[in-house]
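Number of protein chains: 2
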Amino acid sequence: MNKKCAPDWIAVDWGTTHLRAYAMQGATVVSRAKSDDGMGRLKPADFEPALRALIGDWLAGGNVPVIACGMVGSRQGWVEAPYRAVPCAPLTDTLTTAPTTQGLEVRVICGLSQNNPADVMRGEETQVAGFLHLNPGWDGVLCLPGTHTKWVHLSAGEVVSFQTFMSGELFALISQNSVLRHSVIGEGWDAGAFEAAVSDAMSHPERLAARLFSLRAADLLHGTAASVSRAALSGLLIGGELAAARPYWLGQNTAILGTGTQARAYQSALRAQGVEAMRVDSERATLAGLTTAYKTTKATL
Amino acid sequence: MNKKCAPDWIAVDWGTTHLRAYAMQGATVVSRAKSDDGMGRLKPADFEPALRALIGDWLAGGNVPVIACGMVGSRQGWVEAPYRAVPCAPLTDTLTTAPTTQGLEVRVICGLSQNNPADVMRGEETQVAGFLHLNPGWDGVLCLPGTHTKWVHLSAGEVVSFQTFMSGELFALISQNSVLRHSVIGEGWDAGAFEAAVSDAMSHPERLAARLFSLRAADLLHGTAASVSRAALSGLLIGGELAAARPYWLGQNTAILGTGTQARAYQSALRAQGVEAMRVDSERATLAGLTTAYKTTKATL
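Line by line, the protein sequences are chains A and B.
Under our numbering, the first residue of the first sequence carries the number 1, and numbering increases by one thereafter.
Under our numbering, the first residue of the second sequence carries the number 1, and numbering increases by one thereafter.
Be aware that a few hints might be false.
As the list makes no split between identical chains, a pair holds if one copy fits it or if it spans any two.
[Stated by the list, open to error] Dumping the calculated SDA-like pairs for lysine to any residue here, alpha-carbon to alpha-carbon at most 25 Å:
hint : residue 1 : residue 2
1    : LYS43     : ALA226
2    : LYS43     : LYS298
3    : LYS34     : GLN102
4    : LYS43     : ILE185
5    : LYS43     : ASP8
6    : LYS298    : VAL29
7    : LYS43     : SER175
8    : LYS34     : GLU80
9    : LYS298    : GLU105
10   : LYS34     : VAL179
11   : LYS34     : ALA191
12   : LYS43     : GLY186
Derived from the structure by calculation, the hints contain no laboratory data.
Remember, it's a predicted structure, so these values are computed and weren't measured experimentally.
Using the sequences and the accompanying hints, generate a full structural model.
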């Protein structure tokens, strides 16, 4: 890396299944790198080597501070960054220092917790902070689709409450490991089947386990297309979630952090309820949040 | 096998994960055998060798008819035994003959199908027929707990309608493969947590995906015992199922086919709704059904 591109700090988004790093000059990305060394496959002693393998070149001119968010700060991660209880701002200037060698400074952002209903987040608090930086003064509800989708109520710059749904993980388990896998693997997406399933699940969420088997039976008896079954599976899960999350989105200013298939599915399901949700790039929000954390903690580094 | 114990026919219960065979003299079991050669691990050409490996000794005195039920009759099984559409009696004298060598006669019982809502069963129809043989003239609702739990409405000796719930498979997937696995593996069963979760899910079935994550979060934040989390997971799934199956069990004569942990959980959940369900041994019902099939088809063998 030539000198004019040398970073003054490094942003790291380290989740269960991914590791993404960004060489930063202030708020500007000068280089990016990623690997599959997610927290889920690493033991505590593996984190520093995994990070150095990815960003070693960027440190050739000397160590620069690293700010990391995500599951890297969990009990099974590099260092446990304690949860901060809501209601609170998504970030503070208190970060947790990871154990390192040779002068490398790695600070990990704390997750958020909620006592009742019991809930936790790690990584999303950084996206929420980034979203607030990009949309100053915004009040309303954020939906962060993912393996564990989060609904977050924001007011006056604080996270008031949040709720996590395992819908994304259920979709993955059911479509890859259940008897339904024979019926949902394939191409295409039937928007009508998705909408009908959302509506059905919002009216009768108790029927989920029966509707799931019925998708398999309909395929056996009538040869349903995979594009129909897969969209219906997604619709059943998202519909049930929207029914439960109604106190979050009903009559609220709503935004979705994400731009992929799953985020578009949430947007379309919300639109059918008369809610027009803004969509925001989640990587941009993550980087804005990591930058905010860097700037607020710079004085202490 | 000495001559006085030589069977005059052989009963076979062949599911996705198990193969159970019974040497029969009329309605009496004279010997039993089982293996792990379930349908799920066999190709079509593997079925006859798998069966002979298990019951070869019983055929030493000559071939006797074999009557089989279960997934052995599915499209991925030994021979596809076509579905019979409800409403209909659980059994007829029309069985499907499997392709065999050396004069072995294997006949497979047909499954049942329902057009709308789309649904199928294979194996349970034999248990239902056996239950009716053991309880002549019985009208009401049968619950058959399993990977895919069935609720079956019986009237005047016919299956009027039925509904399958994937709750058992969801329990297995979530407890073994999801993020919740860290919180539910262990010993014990907290009956209070089960009852509270049943009640919660019956009132708010739409909250399932959030309640599931909350079990994990409560463990992370408060160190919940696995006996509590696992019973609550079961209660959330069974509670949602009871809410959807209410038209089946409400005000009906109800029986549960099964004697294990899962069957007791259904019984306890139904009792909390004021329904006292009779429990019947499912192996006994399977054997009675296979015997009924043998007797009604004997003339054609």
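Unsatisfied constraints (hint numbers, rising) = Numbers 2, 5, 11 - these are the hints that the structure violates, sorted from lowest upward.
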